[in-house]
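Trainee: What follows is the residue order along each chain.
Number of protein chains: 2
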Amino acid sequence: MSKRLPVSISDILKAHSRVKQNVHHTPVVTNSTFDDRFGRKFYFKCENLQKTGSFKARGALNAVTKLCEEDKTVSGVVTHSSGNHGQALAWAAKTMGLKCAVIAPNNSPAVKLEAIKGYGADVVLCEPTPTARQQTCDKVSKERGYYFVPPYDHYDVIAGQGTMAVEFLEQVPQLDAILVPTSGGGMVSGIAIAGKSIKPDLKVFIVEPQGKDVERCLQAGDRLWPNPPRFLNTIADGIRLQQLGHITWPIILELVEKQVFSVTNDEIIEGMKFAFERMKLVVEAASGAGIAAAMSDKMCNLDDNIKHVGVILCGGNTDIHHLPWYQ
Amino acid sequence: MSKRLPVSISDILKAHSRVKQNVHHTPVVTNSTFDDRFGRKFYFKCENLQKTGSFKARGALNAVTKLCEEDKTVSGVVTHSSGNHGQALAWAAKTMGLKCAVIAPNNSPAVKLEAIKGYGADVVLCEPTPTARQQTCDKVSKERGYYFVPPYDHYDVIAGQGTMAVEFLEQVPQLDAILVPTSGGGMVSGIAIAGKSIKPDLKVFIVEPQGKDVERCLQAGDRLWPNPPRFLNTIADGIRLQQLGHITWPIILELVEKQVFSVTNDEIIEGMKFAFERMKLVVEAASGAGIAAAMSDKMCNLDDNIKHVGVILCGGNTDIHHLPWYQ
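Residue numbers (this note's numbering), protein chains in the order written: chain A, 89 to 415; chain B, 89 to 415.
No wet-lab data here; the hints were simulated from the structure.
Remember, predicted model here, so these are calculated numbers, not experimental data.
Mixed in with the good hints there might be a few duds.
Which copy? The list can't say, so a pair holds if one copy fits it or any two copies do.
Here are the simulated DSS-like pairs of lysine-lysine, each with C-alpha atoms no more than 25 Å apart in a straight line [said to hold, decoys possible]:
id, residue 1, residue 2
1, Lys395, Lys227
2, Lys361, Lys205
3, Lys187, Lys287
4, Lys346, Lys361
5, Lys386, Lys182
6, Lys346, Lys230
7, Lys227, Lys287
8, Lys182, Lys129
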């Protein structure tokens, strides 16, 4: 692996010792019906059972803890995210005794804002565009003197997410590949760095909602997305951002497979239903995307040498009063 | 503990070695929000993640495996249960290469019958009363020469369910008490025998749907229920049988606490919702009853020395297209 990468396995192992007292060592579940139907062995890493209901607790806690180690005067942290990173940062700040502000679009579901407030954070509303949320975040950061902890484009966040792969390969050393539902790319870059350091032959695949177009970018070796960044029209709200990040992109380009799993809303719903009905797990649509990739024709046609496939069930924060199969 | 009991810890440990290759070693999850709100440490044993979606896989597999050890000519097994024991026995028979017939009430949801057929068993329909199902079961058993494996009143089934407590006390040795949603009493008697053999101070509590009236029977030391046996009007279909069994009763009377947790439908729904929303687990109403007991005023007023409380999430077989909070 290239030495140019800004996050190393050593950073990820340090992150692991930093966070492991406070995050859950999430279980890996298997399902023989699924394996029989899709012809390989699948292992589901249950980050839906993680603190705050998603893997984001890992990256947020690593960033906040490291910040406290490095600057004893830090009083608070801020981010823009109505979703899992917002909840995770609010929780991480509370865990470390810091204040926290979360910038959220003014069309966020009330249940998400209540969850953030439940961890003691301030919610500051803004217009529902990627640009407005960054501007509001910068303003709050400046006015209150809070450190900005971005959702994915941050070395300590990436290192924190990488701890998942350290655990997963301890739990299932025989993994040949991991499927990673991807938004800005913090999780997939952390997993790729850790996973390929521990097991160089491991293949890390991106799972995306249709329209994200990562395969075309990876094959061109270029960030071809339109600007300003935009949200995709997908039910998987946790992974609706079209662009990969600027910090995550070079890591992904170097380490992640060029073949990408692209899934539709209907496929995502089928994935979610399998989790609820057969695995007895509440998962959000982004996790459903991972399951849908495992169920896909593309997976079915993949190299037979890929026998043991990990799937990240990245989160479980779905509104149980508005499940997609009731609509 | 009395030596009169027909199932011993040794039977349960033998059952454990018999089944552990084929059943899941289910995880125990904790939830700090729950603990903060209800003032003790709670540990949830996830039998909803068990093979076939409920703890019943343990008892059924122990009974079928022991049968195969003892009678090399056995060709099949039969039971009456539209629900979890039916699925579990079908699965256990398939696992051991036996035939299986399941007697089910003719008003059973199609989804349940499909699940049983999915494990390769024959479904035989009957009138929806406890008496009709036993008669039909006896008839099929006689005609086909299948062994009858009852849902709870059977030593090997009880021993199989007891394996759950062996695991649970290995996972959480500090447990002071376990809350057990109870129907015929196979699970609670197995858990009580294993649990109190391993840790004599452990308290085992029954959780029941309102109207089961176990506390009055236990305090009278007598089976006061009306005959013929009837079903309670509860959404917790897995535990709707009013009477405890004839074999389970003396075990329960000797080992289980006289104080019983009785929960209403509304409380059960709140318990289920907590599991779905906060624990990210799909549970059936009977598991919701266990959570509801943990949330109850009775639990709140229990002896402060009971600090570490186990809750059995006994199953996850609920129809996700008819969740109770959508009705």
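Trainee: List, from low to high, the hint numbers that the structure doesn't satisfy.
Mentor: 1, 3, 4, 5, 6, 7
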